[in-house]
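If you want the building blocks of each chain, they are given just below.
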Amino acid sequence: MTIVELPPHGDDRTGRPVLEVDELTVTFARKGEQPTHAVDGVSFSVAPGETVGLVGESGCGKSVTSLAIMGLLPRRGVQVGGSVRFDGHELLGASDRTLRRMRGADMAMVFQDPLSSLNPTVPIGTQVTEVLFEHREMSRKEAVDEATRLLDRVGIPDPARRLKEYPHQLSGGMRQRALIAMALACSPRLLIADEPTTALDVTIQAQILELLRELVVDSGTALVMITHDLGVVAGLCDRVHVMYAGRIIESADRHDLFARPRQPYTGGLLASVPRLDGARGVPLHPIRGSARDVIPWTEGCAFAPRCDNAQDDCLTEVAGSTVPLELDGPGRELRCRHPLEYPRSPAGATASGAAR
Amino acid sequence: MLRFIVRRLLQLIPILLGLSLLLFAWLRALPGGPAQAALGERATPEAIARYNELFGLDQPLYVQYLRFLGRAVQLDFGNSARTGRAVTEEFFERMPGTIELTLFAMLFAIGVGIPLGYLAARRHGSWLDSTSVIGSLLGVATPVFFLAYLLRLLFAVELGWLPGSGRQEVRIDATRITNFYVLDGLLTREFDAAWDAFLHLVLPGIALGTIPLAIIVRITRASVLDVVNEDYVRTANAKGLATATVRRRHIVRNALLPVSTTIGLQTGLLLSGAVLTETVFAFGGVGSAIFDAIFARDFAVLQGFILMLAVVYVLVNLLVDISYGLLDPRVRVR
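Sequence lines, in order, name chains Z and U. Residues 1 to 356, numbered by the numbering used here, are exactly what the first sequence covers, in order. Residues 1 to 334, numbered by the numbering used here, are exactly what the second sequence covers, in order.
Honestly, the hints are just simulated from the structure, not real lab data. Don't take every hint at face value.
Stated by the list, open to error - Among the chain U residues that face chain Z by a calculated CB cut under 8 angstroms, a handful are:
1) 171
2) 173
3) 174
4) 175
5) 176
6) 226
7) 237
8) 244
9) 247
10) 248
11) 319
12) 323
13) 324
14) 329
All C-beta atoms in this analysis are idealised placements derived from N, C-alpha and C, irrespective of residue type, glycine included.
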């Protein structure tokens, strides 16, 4: 359990990443109001065939991160800084035309609520074929055939008939499959899935996740999985970045993270998951407080007000510096001054010591 | 679909029965009465009695009503007490005028209102936005007859750019086929007559179209502002679709759903007669006919016109309901 496993896609890791996000910041500024730092210096990268999870509570900045990567944030009142590179090409500051040419073709996104994410007045078929017409030069018949094939591929039965139907005539799972089909239409190299299973029944959730996993394996797509659901992370992600209040507070490979969470927040997330194999009557361990009880990162660790391990030096005032994101053993990064310790695991303790 | 239409048409029967009963009772309760109006204030009681006997007005009310109903189902509403002509004939002569006027007014309101509302929403907060909001408020707040007078005074009387009264220049000897003057002109290839009839629509049409225009601008603007923040517009952008495709297929199409409701309602209202505008421009439509009939206590015309307008109104609403289904598949009737 404590043995550090090699990442499953060791070879891919050495390959050039499809997506490199570097010190991404997103600031919402309104006239006469304090600017909000929704994303505050987030860096990560995704290689072909790799699945990276961005995990955190609502409002931690994970969805804003994904919209910033896609260039889908409104222009007005939003400042995006840092760097987002796709295949080495900088996306921030790229022209609207360039971004439109890439979106849907090179990078695609699957959204959270499949009903509201589909146009209610346009048949499913048109919503699939419009991507094909836009990015791939196809005749009408070719596009319809391709759309049928796509719906079939994502597991929609009787695809030819479904093409003519409208979103409200499909079940929730079908709608999410249709959205995935649209995202896959041009075989993108990067797929961002923003909580794709949140609005679905549990049984359907598993099917959709399985579908996404197959896609990654079959086509070598780089997948960014945005979720608050640790079950999704456990089933799908190779590497996990835990976000809190706009910053990454812990990064690790999936196995390491589940085996030995170091950030007390990650530990709290894992502890608050109900377990079927636990004894009856054992109370759940929620993280106290809510995501609103934060202090700005400039004043100290944003999680400190809710943290059981918090001490005086978690505050900038006392420590003299903000809490940095530091190496924490092989393949791990951590933003914490008083992490969870694992006495029976010498690797973790020495690694963190050596990193400093 | 067919069943839906038939059911809606059957609903007309109770509506018309109720309306006719109401009309009948209400008109008979008016002071004065047709005899007084026709014969003047100084008519002798004998003359009035003779008049009433002649037109069956001395019979008990229920007899009058049943008699009226029996003829009404054959589209016979009697003759106008004022002109002596058959009510139905007069209606079919005047209704096309009102329909033409309504079409012009609504095309004006739609053609200007939807683009303006869309632009105002997309440039939210700009001078164009605030101007259109204030302008539409003014449009709703300005009394139609006042605007009609103003337009007539300025463009017809002072500047003389456009005709200010009637449906057609008297000296033009146009052939009548359908009583839609513009259409008649086109059908008979008397293009000067068609153009003249069209020019006669401009001023009353603009006066009549102002309120629908203002309402359409406001609703389009609000609706576009809603729709651009919808998830499916984000999806469309995430697919990398061209801006024009996103606008046409994903924004405008959905934004028009509430606008179409308004258009339907407003069209129905205008069709049932724009009394004030038609009077100002002496436009020979149903509105001015009803206006004259009220003054003349012309029961036959009032009953006939109002009942037939009710039918028109219900038919327009049926059309609107059917068109919803074309626009929004979620309410499509089976």
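To see whether the hints hold, each was checked on the structure:
1. 171: violated, 51 angstroms
2. 173: Since the shortest Cβ distance to chain Z is 50 angstroms, the answer is violated.
3. 174: The hint is violated - residue 174 of chain U has no Cβ within 8 angstroms of chain Z, the shortest such distance being about 44 angstroms.
4. 175: violated, 45 angstroms
5. 176: Violated, about 43 angstroms.
6. 226: Violated: closest Cβ of chain Z sits about 12 angstroms from residue 226 of chain U, beyond 8 angstroms.
7. 237: holds, 6 angstroms
8. 244: violated, 11 angstroms
9. 247: violated, 13 angstroms
10. 248: Violated - the Cβ of residue 248 of chain U stays beyond 8 angstroms from chain Z, reaching only about 11 angstroms at its closest.
11. 319: violated, 19 angstroms
12. 323: For residue 323 of chain U, the interface hint is violated, since the closest Cβ of chain Z sits about 13 angstroms away, which is over 8 angstroms.
13. 324: violated, 11 angstroms
14. 329: holds, 4 angstroms
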